[in-house]
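J.: As a plain string of letters, each chain reads:
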Amino acid sequence: MLRIALKDLFARKRRLVTTAVAIALGIAFLTGTQLLSGILSDSIKSLVGDTYDGIDAVVRSSKVQQVGFGNEIRTPVPEGLAAEVAQVEGVRASSGIVETITAQLVGKDGKIVGSSFGPPTIVYNWVEDPQLRFGTLRDGRGPETDSEIALDFGSAKDGGYQIGDTVTVASQTQTEQFTLVGLTGLGKDGKDSGGAKSLQFTTPVAQRIGQIPGEFSYVVAAADPGLSQQDLTNAISAALPGEQVVTGERFSTENQESISQFVDILGTFVSVFGYIAIFVACFIIYNTFSIIVAQRTRETALLRAVGARRRQVLGATLLEAVVIGLVSSVLGLIFGALLGTGLAKAFSSSFTVKGGIPPIGVGTVVLAFVIGVGVTVVSAVGPALRSTRVPPIAALSEVSVDRSDVSRSRLVWGVAMLVLGGVLMGLGLSDVGPNPLVEVGAAALLILVSVALVLGPLIAAPMARVLAVPFAAGGRIAGRLAGENAARNPKRTAATAAALTIGVTLVTVIAILAASLKSSIDSTISSSLKADLVVNTTTFSIGAGIPANIADQVATTPGVKIASPVRFGPVRLTDAAGKRHARENPETPSLTGGLAGAADTAPPGEDKFMLGIDPATFFEVLNLGALEGSPSEMAPGTFATTKKTADDRGWALGDKVPMFFARSGEQELTLTVIAERDIGQSSIYLPMATFEQVVPPGFNIDNAIYVVADSPADVPQVQTALDKLVADLPTIKVQDLQEYAEQQSGPLNTIVLVIYGLLALAIIIALVGIANTLGLSILERTKELGLLRAVGMTKKQLRRSIRQEAGIVAVFGTLLGLVIGIGFSLALSAVITADNPDIFSYRLPVPTLVAITVIGALAGVLAAILPARRAAKLDVLQAISSV
Amino acid sequence: MSTSEQTAFAAAGAVDAVKVYGEGDTEVRALDGVTATFERGKFTAIMGPSGSGKSTLMHCLAGLDRLSTGRVFVGDTYLDDLSEAQLTELRRDKIGFVFQAFNLIPTLSALENVTLPMDLAGRKPDQAWLDQVIDTVGLRPRLTHRPSELSGGQQQRVAVARALASQPDIVFADEPTGNLDSRSGGELLQFMRHAVSDLGQTIVMVTHDPTAAAYADRVVFLADGHIVSEMTEPTAARVLDLMKQLGD
Ligand SMILES: Nc1ncnc2c1ncn2[C@@H]1O[C@H](COP(=O)(O)OP(=O)(O)O)[C@@H](O)[C@H]1O
Ligand SMILES: [Mg+2]
Chain A
117 MLRIALKDLF
127 ARKRRLVTTA
137 VAIALGIAFL
147 TGTQLLSGIL
157 SDSIKSLVGD
167 TYDGIDAVVR
177 SSKVQQVGFG
187 NEIRTPVPEG
197 LAAEVAQVEG
207 VRASSGIVET
217 ITAQLVGKDG
227 KIVGSSFGPP
237 TIVYNWVEDP
247 QLRFGTLRDG
257 RGPETDSEIA
267 LDFGSAKDGG
277 YQIGDTVTVA
287 SQTQTEQFTL
297 VGLTGLGKDG
307 KDSGGAKSLQ
317 FTTPVAQRIG
327 QIPGEFSYVV
337 AAADPGLSQQ
347 DLTNAISAAL
357 PGEQVVTGER
367 FSTENQESIS
377 QFVDILGTFV
387 SVFGYIAIFV
397 ACFIIYNTFS
407 IIVAQRTRET
417 ALLRAVGARR
427 RQVLGATLLE
437 AVVIGLVSSV
447 LGLIFGALLG
457 TGLAKAFSSS
467 FTVKGGIPPI
477 GVGTVVLAFV
487 IGVGVTVVSA
497 VGPALRSTRV
507 PPIAALSEVS
517 VDRSDVSRSR
527 LVWGVAMLVL
537 GGVLMGLGLS
547 DVGPNPLVEV
557 GAAALLILVS
567 VALVLGPLIA
577 APMARVLAVP
587 FAAGGRIAGR
597 LAGENAARNP
607 KRTAATAAAL
617 TIGVTLVTVI
627 AILAASLKSS
637 IDSTISSSLK
647 ADLVVNTTTF
657 SIGAGIPANI
667 ADQVATTPGV
677 KIASPVRFGP
687 VRLTDAAGKR
697 HARENPETPS
707 LTGGLAGAAD
717 TAPPGEDKFM
727 LGIDPATFFE
737 VLNLGALEGS
747 PSEMAPGTFA
757 TTKKTADDRG
767 WALGDKVPMF
777 FARSGEQELT
787 LTVIAERDIG
797 QSSIYLPMAT
807 FEQVVPPGFN
817 IDNAIYVVAD
827 SPADVPQVQT
837 ALDKLVADLP
847 TIKVQDLQEY
857 AEQQSGPLNT
867 IVLVIYGLLA
877 LAIIIALVGI
887 ANTLGLSILE
897 RTKELGLLRA
907 VGMTKKQLRR
917 SIRQEAGIVA
927 VFGTLLGLVI
937 GIGFSLALSA
947 VITADNPDIF
957 SYRLPVPTLV
967 AITVIGALAG
977 VLAAILPARR
987 AAKLDVLQAI
997 SSV
Chain B
2 MSTSEQTAFA
12 AAGAVDAVKV
22 YGEGDTEVRA
32 LDGVTATFER
42 GKFTAIMGPS
52 GSGKSTLMHC
62 LAGLDRLSTG
72 RVFVGDTYLD
82 DLSEAQLTEL
92 RRDKIGFVFQ
102 AFNLIPTLSA
112 LENVTLPMDL
122 AGRKPDQAWL
132 DQVIDTVGLR
142 PRLTHRPSEL
152 SGGQQQRVAV
162 ARALASQPDI
172 VFADEPTGNL
182 DSRSGGELLQ
192 FMRHAVSDLG
202 QTIVMVTHDP
212 TAAAYADRVV
222 FLADGHIVSE
232 MTEPTAARVL
242 DLMKQLGD
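Chains as they are written, first to last, in the working numbering: chain A, 117 to 999; chain B, 2 to 249.
Okay, chain B solo, but in the shape it has when bound:
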């Protein structure tokens, strides 16, 4: 890592995060006391079986949903204290988000999609940074295209560029490669890795693919709403091993 001080601060985190859906018999504890921090300038992967609470955790961290109890923070802000409008502004200015699919507004060009959060804020994008991001994800020739004229992989790259463009405190990506073939998926992961290593960004990504997780600096394992394990410097093989272990 380039600067060790930065890593000392968490870009985002959760403390005793509990999220309960439903009541009584139908009660589901999607998050059951999760405490975790996500380091600045690091690429973290969240893994776990389907239904283990990965998306829920990510939505709560990103200000798209609220916890039942516990706290989550991004940068120096506790999200639980914020009003609906403040949360919206936080998402716009401090957080980037990449969904599994349908990330782009079909009526806007690729470039307009990238700058959308800043346009919504009425801010001018930092042109040098924007150029860097666009080049990193290799979008330059496609900027004026509409989403319908882009391939799935290109669309996800535009989404990553949008998430990075406003220099947010942290980017969340929920299975960003889930709908892509392995080649496009690999490319996308490569770009995300670049963004972290070379541009100093912070990314948290949900995935259930060990190969994808291997691009990360650290992997956090969730099961039944609990953090059950974690691993640094992951490789696909080690992740797969651990998954097998946990599965038993």
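Bound-form chain A, shown alone:
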């Protein structure tokens, strides 16, 4: 039996490979991205390790504020602390450190060095002790006067700078020039380029640019020889009981983790698409096995007739699945390794990939084999079981094709699954039940399987005939045959189309959500923002913003009626709702050990972003609907919010709401204005005077300045004047409302493109599936094709007919995907609208959906090219006399 199965398998190498390719693509993607995140997080770890190498203890404030994406900012410590640390017994050397993200490096070409999404640009002070200094001096010397700077060699190269050059730095307050005197790098001899871009100044300059005059970000110390990090930490903590002291090792780990968190999110995000790809591949494997089993019915029955037991027949099919699974896993691993290292190379511009490519981990190999073999075997079980139910008598009848009827029970099952899926989806989306995300996922799966595999066959045949109408118009028989062939085996057609349906469903949901979000942003801006122009920051990095002196200059520009600046900053709401949020979302336990003295002091609450505004002008420029309370009452110590937030959190005018800021501690602000409309930005508005006192350094900078001109006629003149004002500031642009809206939705476009790219994989796998099914169907129809050619069908007509057949299947799958996708998007939009009634508007991007359909159809045609060629090459006489 084993011998028969293996012989059979190798007799059909082509089928083996094409089937394996589908799974292999998914596995390649999964292992490739795993490898990539492994490479990135390893090199990040080693870079961070190098950066903080030589530091044995860090003395810092216990006041910390979360600023989003796993980043936190600590309150600075007084300058004098450095001297106190130096006095402690066991400290060999110590230094106060300035480490802020308050400046950008401007290249020789006038452009900001590095991308918004890449590693940050960090301002440091130059530390005399080489062991405590960040990085190693490669060339030149450290800055000795306030007009000098040292750069990491990577940034210098990117900016086009050499030692002796005048370097431009855009800080939050101004653009200034420094002389480049030294280059640093990481590693023992400074050969490695660092992940972050570092700008090193003398201490006073670093403090000024970092906006912490008279303060340090923290103080670092090196131990006397023979003293352990922990002993040093304890010694310092004993001498300075008020401060938090951590070991150098812990400090390094904390930094590694905050960066790896980002890499992990990236990895998870990408592997989701790997799993989608594998899910799609499952359909293909399932389908392939169904067809193979159907075609082998006679052979199987013959085996049974001559005495093979059911278990043996089952075993033979499963063995085939295992072999295909193994082949896929190996192929997938090979492709995955190539993909991972290729991606790592591509990423190496933003993340330094250190050292060589590490070998593929055992975990990755195991994952590949478990998924590759597991998925194939599971997909093959159904068809394999069916193959054992073939009664021996079938051997005597004609080659039977799977013609089992689309029965009533199928309809009942399909509808039941659909309803269950709908209910689950509703529950999940409205946040009912233990795990809404799992519910939505399971619901999506149920609905897809129901529509594609259970209900699909019911509509596949009529749909195929309808879709064939344009091809068959005017009595063109090739088109009619294409439709009939697509309709002749509805289960197969439905399962083949299903693979495409999944990809198209996801693409459709993304396209609709993106279009809806974009139109929501546009309409929110056009309905709420009454500014003529916006002076805006064009980079997204934390710490980038408009130098402080610009706002006043804008305000005094002739023709400007209002100039209203806004700032963004972090806040932790520690009211009842915030505390509840903290209870329901406990923070992941932080590192243990390596810490002495004061623990982190942030009270529990919900982290949000807030806006700093000028109450006198903000509500003039931004239409937030009717206001309860008056902006003129927004004195220091007060705040404004929107009706939705007030209702959600149970606030009323005059309430004193507790909020926590790392810099100033917990304090209560009085709610004095409630605006009717929510506009999707942060909905906590602090008067600028209060904002300035509570935000961490780096956030105290205008993010945008809304400008209203005296009259519409003045706008061009104002624009010219403002353009001139910001001409020297590479990150600042003067935008009209349309440009402003485009910038707001810009990141969305990028994300959507990336998602499309990833989903393309699912679609490519679906195409492999179409090609595979078509190939097998053609094999089954060899005789018929021979007959058609004998009675005068030209090769061209035959090829066209097969391409049309594939096109029909593809369009069927695409249309199903469109319908399900629109359904999902409606459900999602209902939930989003419930949360953001003022902002979200549903939008169907018709041209995009049409394009998706056309691409789906073309893709099907593309998939058919090879099978069609093979069919046309059949020798007529051989085909006709084939069994």
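Calculated directly from the structure, the hints in this document are not laboratory data.
Watch out, some of these pointers could steer you wrong.
Computed cross-link-like contacts, DSSO-like style, restricted to lysine-lysine with a CA-CA straight-line distance of at most 27 angstroms [what the hints assert, rightly or not]:
| id | chain 1 | residue 1 | chain 2 | residue 2 |
| --- | --- | --- | --- | --- |
| 1 | A | Lys772 | A | Lys646 |
| 2 | A | Lys724 | A | Lys695 |
| 3 | A | Lys989 | A | Lys899 |
| 4 | A | Lys273 | A | Lys161 |
| 5 | B | Lys95 | A | Lys912 |
| 6 | A | Lys634 | A | Lys759 |
| 7 | B | Lys125 | A | Lys912 |
| 8 | A | Lys634 | A | Lys724 |
| 9 | A | Lys772 | A | Lys759 |
| 10 | B | Lys245 | A | Lys911 |
| 11 | A | Lys224 | A | Lys849 |
| 12 | B | Lys125 | B | Lys95 |
| 13 | A | Lys911 | B | Lys125 |
| 14 | A | Lys899 | A | Lys677 |
| 15 | A | Lys989 | A | Lys912 |
| 16 | A | Lys899 | B | Lys95 |
| 17 | A | Lys634 | A | Lys646 |
| 18 | B | Lys95 | A | Lys989 |
Put chain B with the ligands on the given structure of chain A with help from the hints.
T.: Showing chain B with the ligands alone in chain A's frame:
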């Protein structure tokens, strides 16, 4: 015969036709210098023992296969000069073919199967002629049925109708009754006889059944790739006699 001029022209023929399969030790000369013509408006039967080259000759005449050497023609066209695509068009427009079994496309109705070659050519069938052919083979009540809903005999009649429907120069039928019981077979032969006598068609049929051969106007005997004998106005008894003679 109605018009004696027509019979003067051959509908198809072979000149020194040689077909060799394989090489060296395994070489088989399926046709070994066959020269024959098939008269227009006549029903010719080809007989011979199994493996004598009957199918090969028919396939080469019908443009389904190519000769090793020699020439074959249909109407005024030499097939050996034609490209693959031209041969396909010739099969579609000038030649009808009936195989022993599996003649019909299962997804098309009987009528669609009949008109298939013309549909492939994008031509409208001549409705009057089509009606005549359909009535001759007695298919009218079965036109909308799929092949799976037809008996073997009915399926072969649809195949004959398809072969005749485009008014080809010649129809080739390779043991068309081979898979039928004697009654259905007899009916089918009757229809073919009608098509020749009453509709003026030309049919060449391979058979090894003397009774079937008796429906023909002429019988050609093949053995080992050669034409060994022929007979006009055959009867089953005479054919059987000749077969016995040849067998000795
Ligand atoms: N495709 C082929 N390859 C090799 N030999 C063939 C092929 N087709 C036919 N033959 C051989 O050619 C000879 C004539 O075959 P065929 O024309 O089918 O005979 P018939 O139809 O009279 O039984 C036989 O010996 C057969 O084995
Ligand atoms: Mg034969």
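J.: Next step is simple, just say for each hint if it's right about the structure.
T.: The hints, checked one at a time:
At roughly 31 angstroms between alpha-carbon atoms, A:Lys772 and A:Lys646 are farther apart than 27 angstroms, so this suggested pair is violated. The suggested pairing of A:Lys724 with A:Lys695 holds, with an alpha-carbon distance near 13 angstroms, which does not exceed 27 angstroms. A distance of roughly 13 angstroms separates the Cα atoms of A:Lys989 and A:Lys899; the hinted pair therefore holds under the 27 angstroms criterion. For the proposed pair A:Lys273 and A:Lys161, the alpha carbon gap of about 24 angstroms is at most 27 angstroms, so the pair holds.
The hinted pair formed by B:Lys95 and A:Lys912 meets the criterion: a straight-line CA distance of about 19 angstroms does not exceed 27 angstroms. Restraint check: the Cα-Cα separation between A:Lys634 and A:Lys759 comes to about 24 angstroms, which is no more than 27 angstroms; the hinted pair holds. Proposed proximity of B:Lys125 and A:Lys912 is supported: the alpha carbons are some 20 angstroms apart, at most 27 angstroms. Restraint check for A:Lys634 and A:Lys724: satisfied, since their Cα atoms lie roughly 23 angstroms apart, inside the 27 angstroms limit.
Taking the CA atoms of A:Lys772 and A:Lys759, the gap is near 16 angstroms; set against the 27 angstroms cutoff, the hint holds. The straight-line distance between the Cα atoms of B:Lys245 and A:Lys911 is roughly 45 angstroms, outside the 27 angstroms bound, and the hint therefore fails. Between A:Lys224 and A:Lys849, the direct Cα distance comes to roughly 19 angstroms. Compliance with the 27 angstroms bound is thereby established for this hinted pair. A distance of roughly 15 angstroms separates the Cα atoms of B:Lys125 and B:Lys95; the hinted pair therefore holds under the 27 angstroms criterion.
Of the pairs offered as hints, the one joining A:Lys911 and B:Lys125 holds, with about 21 angstroms between alpha carbons and a cut-off of 27 angstroms not exceeded. Using a Cα cut-off of 27 angstroms, the hinted pair A:Lys899 and A:Lys677 is violated, with the two alpha carbons roughly 83 angstroms apart. Restraint check: the Cα-Cα separation between A:Lys989 and A:Lys912 comes to about 11 angstroms, which is no more than 27 angstroms; the hinted pair holds. Distance restraint check for A:Lys899 and B:Lys95: the Cα-Cα separation of roughly 22 angstroms lies within the 27 angstroms cut-off, and the hinted pair is therefore satisfied.
Restraint check for A:Lys634 and A:Lys646: satisfied, since their Cα atoms lie roughly 19 angstroms apart, inside the 27 angstroms limit. For the proposed pair B:Lys95 and A:Lys989, the alpha carbon gap of about 23 angstroms is at most 27 angstroms, so the pair holds.
Comparing the model with each numbered hint stated earlier shows that hints 1, 10 and 14 do not hold.
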